[in-house]
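Participant: According to the numbering used here, the stretch in the sequence shown is residues 3 to 155, in order.
Simulated from the structure, these hints should not be mistaken for laboratory data. Computed from a predicted model, the values in this text were never measured in an experiment. Careful: at least some of the hints might be erroneous.
Claimed, not checked - Using 27 Å as the maximum straight-line C-alpha spacing, the simulated DSSO-like pairs for lysine-lysine come out as follows:
#1 Lys-68 - Lys-120
#2 Lys-110 - Lys-49
#3 Lys-113 - Lys-88
#4 Lys-102 - Lys-88
#5 Lys-110 - Lys-72
#6 Lys-49 - Lys-88
#7 Lys-68 - Lys-110
#8 Lys-110 - Lys-88
#9 Lys-88 - Lys-72
#10 Lys-72 - Lys-34
#11 Lys-68 - Lys-79
#12 Lys-68 - Lys-49
#13 Lys-88 - Lys-34
#14 Lys-68 - Lys-34
#15 Lys-113 - Lys-49
#16 Lys-102 - Lys-79
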Amino acid sequence: MKLVSPGEAAANTNDMSDKAGEDLVRIGEMAKKYGVTLRTLRFYEDKGLLNPQRDGSTRLYTRRDKARLKLILLGRKVGFSLRDVKQMMDLYDPSGSNTKQLRLTLDKSEKQLARLQKQRALIDDAINELSNSMAAVRQMLSERSAPQASVAG
Numbered sequence: 003m004k005l006v007s008p009g010e011a012a013a014n015t016n017d018m019s020d021k022a023g024e025d026l027v028r029i030g031e032m033a034k035k036y037g038v039t040l041r042t043l044r045f046y047e048d049k050g051l052l053n054p055q056r057d058g059s060t061r062l063y064t065r066r067d068k069a070r071l072k073l074i075l076l077g078r079k080v081g082f083s084l085r086d087v088k089q090m091m092d093l094y095d096p097s098g099s100n101t102k103q104l105r106l107t108l109d110k111s112e113k114q115l116a117r118l119q120k121q122r123a124l125i126d127d128a129i130n131e132l133s134n135s136m137a138a139v140r141q142m143l144s145e146r147s148a149p150q151a152s153v154a155g
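Please work from the sequences and hints to get the whole structure.
Facilitator: Put into structure tokens, the structure is as follows:
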């Protein structure tokens, strides 16, 4: 017997009641739609981030899986680890206020924003240094090519 958390039970109940009107998507369609590989989807499933339904060996993704994948991809885009993303998503309770989830998400987001802003400052410094170096090299090239042009003429 598989133990199921209350959030999963509610989500699974919603999935069952919506089955008739819900579009289930196969793994290939899911991968193409979201620009990920089949291997990525299987990896996310192995890590407990996605839980597609099964029809034999065929994975069928629900609206819930699509929403979770969007959150995973957004989290990865802004630099969250998969562990952080899972931690935030696992706190979701469809019948609750989700204040714990929202607080954790805000806390992690504030920390990540600070990291990204620090990285941006370092990148801006590197860009400025590289631009200045390139300007100096251009100046050296123009100084060295100018006398040669006058000698040739």
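Participant: Any hints from earlier that this structure breaks? Give me their numbers in increasing order, please.
Facilitator: Hint check: 1 fails alone, others pass.
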